[in-house]
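A.B. asks: The chain contents come next:
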Amino acid sequence: MKPAVRIVDLHKSFGANEVLKGVSMEVEPGKTVAVMGGSGSGKSVLIKHVVQLLLPDSGEVWYGDKRMDLLRGKELDDQRLTIGYLFQGGALFDSMSVAENFDFVLDRHTSLTLAERKDRIEELLTWVELEEKFNASPADLSGGQRKRIALARGIALDPKLMLFDEPTTGLDPVSVRLVSDLIVRLRDELDMTSIVITHDLLCAEIAADHVNFLFEGLILESGTLDEVQRSDKPELRNFFGG
Amino acid sequence: MSLRLTIRPTDRRESIAQFLDKVGDFGRFVASFFRDGFRRPWEVRELLRQMDEVGTRSFLLTGVTGLAIGAVLAMQSRGTLIQFGAEAMLPNMLALSIIKEIGPVLTALVLAGRLGAGIGAEIGSMRVTEQIDAIEVMALRPLNYLVVTRVLACVIMFPVLTVWTDALGLFGGYLESALSSQIDPRLYLDTAFTSIRFSDVLADTMKTAIFGGIVGMVSCYLGFRVRGGTRAVGQAAMQSVVASSVLIILADLFVVRLSLLLFGDIAS
Ligand SMILES: Nc1ncnc2c1ncn2[C@@H]1O[C@H](COP(=O)(O)OP(=O)(O)OP(=O)(O)O)[C@@H](O)[C@H]1O
Ligand SMILES: [Mg+2]
Chain A
1 MKPAVRIVDL
11 HKSFGANEVL
21 KGVSMEVEPG
31 KTVAVMGGSG
41 SGKSVLIKHV
51 VQLLLPDSGE
61 VWYGDKRMDL
71 LRGKELDDQR
81 LTIGYLFQGG
91 ALFDSMSVAE
101 NFDFVLDRHT
111 SLTLAERKDR
121 IEELLTWVEL
131 EEKFNASPAD
141 LSGGQRKRIA
151 LARGIALDPK
161 LMLFDEPTTG
171 LDPVSVRLVS
181 DLIVRLRDEL
191 DMTSIVITHD
201 LLCAEIAADH
211 VNFLFEGLIL
221 ESGTLDEVQR
231 SDKPELRNFF
241 GG
Chain B
243 MSLRLTIRPT
253 DRRESIAQFL
263 DKVGDFGRFV
273 ASFFRDGFRR
283 PWEVRELLRQ
293 MDEVGTRSFL
303 LTGVTGLAIG
313 AVLAMQSRGT
323 LIQFGAEAML
333 PNMLALSIIK
343 EIGPVLTALV
353 LAGRLGAGIG
363 AEIGSMRVTE
373 QIDAIEVMAL
383 RPLNYLVVTR
393 VLACVIMFPV
403 LTVWTDALGL
413 FGGYLESALS
423 SQIDPRLYLD
433 TAFTSIRFSD
443 VLADTMKTAI
453 FGGIVGMVSC
463 YLGFRVRGGT
473 RAVGQAAMQS
483 VVASSVLIIL
493 ADLFVVRLSL
503 LLFGDIAS
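Just so you know, the protein sequences line up as chains A and B, in that order. Just so you know, my numbering puts 11 at position 11 of the first sequence, and the rest follows in order with no gaps. Just so we're on the same page, my numbering is the position in the second sequence counted from 1, plus 242.
Think of the hints as simulated: they come from the structure by calculation, not from any bench. There may be inaccurate statements among the hints.
[What the hints assert, rightly or not] Negatives, chain A to chain B, calculated, CB over 12 Å:
id, residue
1, Glu28
2, Leu54
3, Asp77
4, Ser111
5, Glu129
6, Ala156
7, Arg187
[What the hints assert, rightly or not] Some residues of chain A that are not near chain B, with every Cβ distance over 10 Å (derived):
id, residue
8, His11
9, Lys21
10, Ile83
11, Ala91
[Said to hold, decoys possible] Here's a subset of chain A near chain B, in silico, CB distances under 7 Å, partners left out:
id, residue
12, Val51
13, Leu55
14, Trp62
15, Arg80
16, Phe87
17, Gly89
18, Phe93
19, Met96
20, Val105
C-beta: ideal position from N, C-alpha, C; glycine also.
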């Protein structure tokens, strides 16, 4: 099958800081791929290329049959609308209430009426089990609640591809399970393709079909979680504490 | 490994180059504002919200400032005018200095403090918390939603607030005069406006639209370019106030020179 996302020999530097040194990876449609790796290894930089928040120095970023790194204007917008993004810190708009955070996208990108939008927001909130937070302000939410709301906002427009930047970091084990299960349900119930950045073994274990291990700007190992964990490369042994 | 703090002397050449880089980058930011800012989608609701933020919430601040300055100006000038036997000219002099210069510049500087810091910090923290990236990923335009609305709100509200400050400044001057030398309000107003042409009032008030544009544009730019954490956000807020204030005064110099060329002096 044709991959949903294909990254080919991606290079990216910031000044003298060479962050990605030729990353290649593929994600099959309907699968969840985890990108693991230490802090500062370039995981966030990598997935920012998939939505063209960053442009590569060289290399290719394919999404379906489109080159994301070359698209401009309306074409880029059209592709971005089919991608959901959960930012590392949630990136909820803190000048708005939770409901307004959803409405911000729904109002601008759908032709739903006010009542329909309200229903949709409630549906999304129910989905992450936070329906009572409809009128809350993001500032009053806990870290885990914020991540779940941000996740729900990310899927508000029914994306085909979801990018998760550390969806479970800093959460307690119960919330980790909850969020990881949500990622699994997106795959199983909505047939969504996902890239999940995580250092979290539990999250990778629950959600990932495939794991890529990023180290110093290169994919050092790729396979199922088991295979990657059993690798005898010292960098991986170090990471997994084995 | 030594953990002692080493303070690196700043290389002056490097900092000049960095400064020029920043100026060039700001130029590109302004260019993209005019090139891409005035297209769909129109963020009307957000514009109104920003006008409320800029305007309604600044009335008290600028009002009090105007009132106090008007009164102080009257107190300070009376002595001198009496020496020349020209006390009757006081309203005249007040109106002239308040409407032509003190009102507009003072309003702009006070607002540069309030709004520069506010906008710089808000946009800056939206940048570091990835809210600006989030808007972009939603296939929406941070430029339209965040920048255009704030710049326009400043451009529209600065002149409005200036008229308000001018009015309270004149009122402050009147209050002071009424307390120290019983003056009839009608007479005060009549004298105040004898030496002022409407075109002056208009030009001197409207120049604050330029000041508003400066505050909005500079603060949004510095906020947008924040990288790093909370410290960088604080820096952006501070730099917004400083840069806006300096640019306002320079722009004033330029505008006054230009308007003297175009419209001539009041005396001529
Ligand atoms: N916009 C940018 N400008 C300059 N440098 C950047 C930028 N974004 C990231 N970097 C640098 O790239 C490197 C990798 O950053 P990245 O955020 O991808 O790490 P990460 O793997 O996501 O780490 P973490 O797990 O801590 O989130 C870091 O050294 C960072 O300083
Ligand atoms: Mg990261």
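A.B. asks: Could you run down the list of hints and mark each one as holding or not?
C.D. replies: Hints versus structure:
Under the 12 Å C-beta cut-off, the non-interface status given to A/Glu28 relative to chain B holds; the minimum distance is some 23 Å. A beta-carbon of chain B is positioned within 12 Å of the beta-carbon of A/Leu54; the least distance is around 10 Å. With a least beta-carbon separation of about 4 Å from chain B, A/Asp77 fails to lie farther than 12 Å from that chain, contradicting its non-interface assignment. Residue-level check passed: A/Ser111 sits 14 Å from the nearest beta carbon of chain B, beyond 12 Å.
Non-interface status of A/Glu129 relative to chain B is upheld: no Cβ of that chain comes within 12 Å, the nearest being about 22 Å off. A beta-carbon of chain B comes within 12 Å of the beta-carbon of A/Ala156; the shortest separation is about 9 Å. Distance check on A/Arg187: its Cβ is at least 21 Å (rounded) from any Cβ of chain B, clearing the 12 Å threshold; non-interface status holds. Residue placement check: A/His11 keeps its beta carbon more than 10 Å from all beta carbons of chain B (closest about 21 Å).
Residue-level check passed: A/Lys21 sits 22 Å from the nearest beta carbon of chain B, beyond 10 Å. Distance to chain B contradicts A/Ile83 as a non-interface residue, since its nearest Cβ pair spans about 7 Å, not more than 10 Å. At roughly 4 Å, the least C-beta separation between A/Ala91 and chain B is not larger than 10 Å, which violates its mark as non-interface. Interface hint at A/Val51: satisfied, since its Cβ lies 5 Å from the closest Cβ of chain B, which is below the 7 Å cut-off.
A cut of 7 Å between beta carbons decides the hint on A/Leu55: the least distance to chain B is about 13 Å, and the hint is violated. Below 7 Å, beta-carbon pairs count as interface contacts, and A/Trp62 has none with chain B, the closest being about 18 Å; its hint is therefore violated. With its C-beta approaching chain B no nearer than about 4 Å, A/Arg80 sits inside the 7 Å limit, and its interface hint holds. Annotation: A/Phe87 was flagged as interfacial toward chain B, and the flag holds, the nearest CB pair being 4 Å apart, inside 7 Å.
The restraint placing A/Gly89 at the interface with chain B holds, with a minimum CB-CB distance near 5 Å, inside the 7 Å limit. This hint holds: A/Phe93 has a C-beta 6 Å from the nearest C-beta of chain B, less than the 7 Å allowed. Interface restraint check for A/Met96: the shortest CB-CB distance to chain B comes to about 10 Å, outside 7 Å, so the restraint is violated. Proximity of A/Val105 to chain B holds as hinted, the smallest CB-CB distance being about 5 Å (cut-off 7 Å).
Hint violations for this structure: numbers 2, 3, 6, 10, 11, 13, 14 and 19, all remaining hints satisfied.
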